[in-house]
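Undergrad: So the sequences go chain by chain: A and B. Counted the way the numbering used here counts, the first sequence spans residues 1 to 204. Counted the way the numbering used here counts, the second sequence spans residues 1 to 204.
Calculated from the structure, these hints are not laboratory results. Among these hints, one or two may not hold up.
Pairs count within a copy or across copies, as identical chains cannot be separated in the list.
Stated by the list, open to error - Below, simulated DSBU-like cross-link-like pairs (lysine-lysine); rule was C-alpha separation at most 30 Å, straight line: (1) Lys197 - Lys118; (2) Lys197 - Lys187; (3) Lys118 - Lys189; (4) Lys187 - Lys121; (5) Lys197 - Lys121.
Protein chains: 2
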Amino acid sequence: MPQGQPLAVPEDGLTTRQRRNRPLLMVHTGDGKGKSTAAFGLALRSWNQGWSIGVFQFVKSAKWRIGEQTVLERLGELHEQTGEGGPVEWHKMGSGWSWSKKQGDEEDHARAAAEGWKEIKRRLAAETHDLYVLDEFTYPIAWGWVDADDVAETLSNRPGRQHVVVTGRRAAPALLDVADLVTDMTKVKHPMDTGQKGQRGIEW
Amino acid sequence: MPQGQPLAVPEDGLTTRQRRNRPLLMVHTGDGKGKSTAAFGLALRSWNQGWSIGVFQFVKSAKWRIGEQTVLERLGELHEQTGEGGPVEWHKMGSGWSWSKKQGDEEDHARAAAEGWKEIKRRLAAETHDLYVLDEFTYPIAWGWVDADDVAETLSNRPGRQHVVVTGRRAAPALLDVADLVTDMTKVKHPMDTGQKGQRGIEW
């Protein structure tokens with residue numbers, strides 16, 4: 001879509017190229033379908049640029065393996081085998097974060113979410129990835145498991161050239177304030193409203 | 001997101017399984033970012049199910065190669081080589097449709113769009129693909145190059161189990177009427193509003 005011209009050229013002392021290359025903080029929110037799907041679609045583009053991708057799945061989808069995980073991890077393998085694209089790491093909260101030795105303490109979701117965020121902060125400080133997908137990260141924030149102001153401050157002050165996309169409903173105002181791009185996926189019609197459940201290949 | 005329960009169970013004589021497996025007509029519309037990205041994210045899921053994917057790019061992105069094309073075509077190759085996932089075909093209007101012998105008549109966009117739609121109709125009748133991505137197909141409809149009622153009727157009467165996703169702004173009311181799922185990607189904030197142009201890995 002946006003290959004057009006910007007609406008205004010700001011007086012920020014940056015060249016067009018510098019401005020163009022500023023890393024983005026993106027938020028996909030709203031009640032409609034497409035928030036996570038678009039974030040994983042973005043990961044496709046990033047992979048193609050050879051970027052390092054870190055996916056961090058909070059809440060729901062963490063329990064089962066979604067199609068995107070299989071495909072993106074396969075693309076990560078392809079990168080290791082042939083050098084095509086970029087590396088992919090996929091971490092999920094569901095059964096204990098992959099980097100953590102504590103497995104199976106999935107009961108304590110609040111602690112697991114806070115641990116996930118701590119690891120993401122470490123990685124942002126170390127400039128580990130080029131794209132971070134923080135999937136459904138709005139929920140632990142909304143539930144008070146992770147502090148919204150800490151998230152907003154950390155993300156807006158992250159060093160280097162790291163893109164971040166956060167998905168989920170009810171995004172915190174503090175997060176929206178510091179985001180560069182916010183899309184509200186608004187539900188106009190959903191098959192579930194007429195009694196159709198989610199299906200393979202469409203929902204996961 | 002929607003792993004929950006439907007809001008109502010309709011009296012349509014279908015079992016839950018039959019209803020669950022009904023093929024979907026999806027529309028991603030609105031002024032925000034994420035319409036095409038989410039459609040290609042959906043294609044990732046479909047590939048993982050072993051489905052045959054047909055992408056038809058109308059308008060804009062047809063002129064250049066976007067990251068998703070490289071990656072999805074690479075996944076299609078992987079399918080041919082190893083049997084993983086499903087086959088992928090990617091057709092774009094920009095420099096003449098891939099199936100057409102007439103190349104380079106890109107000046108006549110109206111005719112090219114009408115030809116694209118005719119081919120899609122043939123494929124729907126032949127049940128060629130499991131997922132059709134009709135990217136930015138709303139524009140040729142909005143511009144009168146393709147008839148909205150023909151599209152609505154053809155898509156709602158398509159045989160078998162073929163999923164279709166249409167992307168683009170200003171979706172025709174006739175199309176929205178027959179769609180099962182409509183998401184309006186609403187722009188809340190976009191970097192272009194503050195003078196930032198599109199960038200590699202994010203916009204393409």
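Undergrad: Of the numbered hints stated earlier in the document, which are not met by this structure?
TA: Hint 1 is the one this structure does not satisfy, whereas the remaining hints hold.
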